[in-house]
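*Asks:* Residues per chain are reported as follows:
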Amino acid sequence: MKLLKDFRPSSPSYQDKMAYTTLRFFSLVVIVLLLIMIGQLFFASREAFNEFGFAFITDDFWNPIDDEFGALPFIFGTVVTSLLALLIAGPVSVSVALYITEYLPKSLSNILGTFVELIAAVPSIIFGLWGLYYLAPFVKDTVTPALKSTLGFLPLFQGPSFGIGILTASIILAIMIIPTITSVAREVFRSVSILHKEAALGLGATKFEMIKIAVLKPSFSGIVGALVLGLGRALGETMAVAMVIGNTPQISKSIFAPASTMASVMANEYAEAESDLHLSALCLVGLLLFVVTFVVNLIARTIVWRQTKGRSKK
Amino acid sequence: MKLSKKRVIKNQLFRGTLILSSLIVIMPLILIFVFLLQKGSTSLSLDFFLNDPKPVGEVGGGMRHAIIGTLMMVALGSFIAVPVGTLCGVYLSEYGKGKIAQSLRFTIDLLTGVPSIVVGIFSYLIFVVSFKSFSALAGAFALSIIILPIVTRTTEEILKLIPRHVREAGLALGLPRWRVIWNIILRGSRNSLTTGVILAISRAAGETAPLLFTAFGSMYLSFQVTGPMASLPVQIYNYAISPYKDWQQQAWAGSFTLIIIVLGLNLSAKFLFNTKKLKKFFVRKS
Chain A
1 MKLLKDFRPS
11 SPSYQDKMAY
21 TTLRFFSLVV
31 IVLLLIMIGQ
41 LFFASREAFN
51 EFGFAFITDD
61 FWNPIDDEFG
71 ALPFIFGTVV
81 TSLLALLIAG
91 PVSVSVALYI
101 TEYLPKSLSN
111 ILGTFVELIA
121 AVPSIIFGLW
131 GLYYLAPFVK
141 DTVTPALKST
151 LGFLPLFQGP
161 SFGIGILTAS
171 IILAIMIIPT
181 ITSVAREVFR
191 SVSILHKEAA
201 LGLGATKFEM
211 IKIAVLKPSF
221 SGIVGALVLG
231 LGRALGETMA
241 VAMVIGNTPQ
251 ISKSIFAPAS
261 TMASVMANEY
271 AEAESDLHLS
281 ALCLVGLLLF
291 VVTFVVNLIA
301 RTIVWRQTKG
311 RSKK
Chain B
315 MKLSKKRVIK
325 NQLFRGTLIL
335 SSLIVIMPLI
345 LIFVFLLQKG
355 STSLSLDFFL
365 NDPKPVGEVG
375 GGMRHAIIGT
385 LMMVALGSFI
395 AVPVGTLCGV
405 YLSEYGKGKI
415 AQSLRFTIDL
425 LTGVPSIVVG
435 IFSYLIFVVS
445 FKSFSALAGA
455 FALSIIILPI
465 VTRTTEEILK
475 LIPRHVREAG
485 LALGLPRWRV
495 IWNIILRGSR
505 NSLTTGVILA
515 ISRAAGETAP
525 LLFTAFGSMY
535 LSFQVTGPMA
545 SLPVQIYNYA
555 ISPYKDWQQQ
565 AWAGSFTLII
575 IVLGLNLSAK
585 FLFNTKKLKK
595 FFVRKS
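First to last, the sequence lines map onto chains A and B. Just so we're aligned, residue 1 is where the first sequence starts under our numbering, counting upward by one. Just so we're aligned, residue 315 is where the second sequence starts under our numbering, counting upward by one.
Since the hints were derived computationally from the structure, they do not count as laboratory data. Each residue gets a CB set at the ideal place from its N, CA and C atoms; glycine is no exception. One should not assume that every hint holds.
What the hints assert, rightly or not - Some chain A residues judged to face chain B by a derived CB distance under 8 Å, without partners named: (1) GLN40; (2) PHE61; (3) ILE299; (4) ARG301.
For reference, chain B alone in the conformation it holds in the complex:
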């Protein structure tokens, strides 16, 4: 039987539309990369990484203070959020029944959906209002609220992949349940759990909105967590909307650095440890 021409054409047209939309979706990503490569790489230099900013009007200077600030705040934020997030994930996957688990699941869902600027306001109200000054601590706290739900979610998903009989085997050997969880389940899936943490960190490293009025930003290298601290995204924002050509250049260079950090973390997390490896580790084919 031959298909009518109309149907064949429709089929082809449909396929064409789908291919076209795929191209449309990829295009912005490529355009952004080209833009950043063009603008960013030309203004990138060793000075950029080794110097603090110069006063307005003087050419040169860099973003050392902002890079270090971002690293510090992200580290501090994950120091708070990763242990708590992991524990919550373990609770959900190992004990996840009952009212508390259900409300926790709901809370995590809600926290994922909260706009990051609202998180910033919350952190402002708690830290900045009570300390009466912008502080890196407030910024780190805001970042930790962004990291927490991601870590919890991935931990729960990953631990759920581990088959029941692994737990049963541990219990059958006479181990107490917490040892099964700690020594077998958590140790065994260490690598995959790291993936979740890295993804969460890469998300937090690019966040601007919650840092705008918590860590606020500064023009000096600072290691004081109770004072304002610069961060790469906020510095980029301030420079990008400034009228000075030189600062705009710096903003492009900063963005180039930021996207390399963020996408680098993201891709390495994806390629280094995937969850399929986890399955192989626990389910050996006999």
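Chain A extracted, bound-state conformation:
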């Protein structure tokens, strides 16, 4: 009897338990990994935090030679370039999403959709290279004079332009976040009830009016979510921005002026940082960036999730 029992393979329920435990184990590993990551960032940046405290966020000098650090110029650069990028990319991406979902036949919409997704696949460094050698001269020779002659009375559009600066970085960022906004907006538009659309058309609305009443209005919060998600993408973008923004830690009124972002300063200075305090200050910048992108993404996810919730239940 005993022999038979030994030959029998271990029971299926036992094997299942093993499999389940393994899966759970690896899931826990990933969760712990993230916790370690957050812990490490806190740990590495505590030296700078002890030194400067919350004044780190509001001080506007960054001087590695004298070991004085304040992150305000980088926060300024990050916020301004991201918002400007959103301003450029937002209307365009929402229009493309509308065009794809409401106007194009299915085959063509797939092609256009693939094209837009391909933009997301282009590595950031290539955007940077293109921006440096193609877009920056274009901005310097064509865009800047045009803006100066039409809107030059505003302080925003004054001052010399070297091609590299806030405006060029924003344009690059705008191109890079278009796919994000478009794909989320498409998802949102697809969740609009077709009955409402038919009702609007049935009442004699033109296609434009139908889209205004039955598509754009109910998906307003979803569009906002898509834009916030795009903002989150723009905040963390590193290489392309680092190559075209000029990397000067200054706060300037003009959008032609060079600046620096939180991500770009890390890319530029981290490998060469000499003092411990400098490294620690850069880590603190990283921690700040992490927290900001986390909050922004969380807000966006919540909004978009609420909007498309009804549809994802199959």
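Position chain B against the provided structure of chain A, taking the given hints into account.
*Replies:* Positioned in the frame of chain A, the structure of chain B alone reads:
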């Protein structure tokens, strides 16, 4: 009933705006391609693929070391991330309830959103600080953190497409649950799962920021994972911001190579296996 002229014009104008914005969106992509073709293809040669860089001042040389470095680090990164990512995806789709699953979902969401430069700093703090030298291992680890959430996400989405009754049929035959998952669900959706992996790899291959201060880059061909290693994106970055015309040429050629690799992987993943095939495989119309 006739529509008033104003409304018709508005309608047409709106349509025009949408078409215009679509053109605006596609334009940068085309411009980048033209730019890379123009600049990149002229400086591309066999030497570029077969030689290491020459010292400053000497013309010629190539990026063999960087291409091999990228391949090695991406391979090492996916070697770490793909199994773990797949297991997490399976856990989410097959067992995905309870506190752990919810926190895992949240973690994956968060990891997707973390800027890649922050991932680089994390990898630096863990590997470079403790080994006291830049290393390919640190770079590969950073890349694996970028690959992981993409693989998990796609695995979960793909496995969710498989209808319930397939699982039930397996269980009804008396198979233990892990065999149903391993032999039926994972084997059956192998091709689609590969899509996710290829997409993740193509993303990782183009990453620069996390490699800047982990693998750091080098000018020699190296196979040592504990030392600094060159990679195509970092090499492009260093060459692009250098003042030498010859190096800039090399940067363009490198970008041309990189975009061919990345878009090639991306498109082939999309066309070779799409998820519709998966549905057909499991749901045969009777």
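*Asks:* All the hints need checking, so say for each whether the structure fits it.
*Replies:* Results of checking the hints against the structure:
1. Hint status for GLN40(A) relative to chain B: holds, with the closest Cβ pair at about 5 Å, below 8 Å.
2. Nearest Cβ of chain B to the Cβ of PHE61(A): about 22 Å, over the 8 Å cut. The hint is violated.
3. With a least beta-carbon distance of about 11 Å to chain B, the hint placing ILE299(A) at the interface is violated under the 8 Å criterion.
4. Of the supplied interface hints, the one on ARG301(A) holds, with its beta-carbon coming within about 6 Å of a beta-carbon of chain B, less than 8 Å.
Checked against the numbered hints given earlier, this structure breaks hints 2 and 3; the rest are met.
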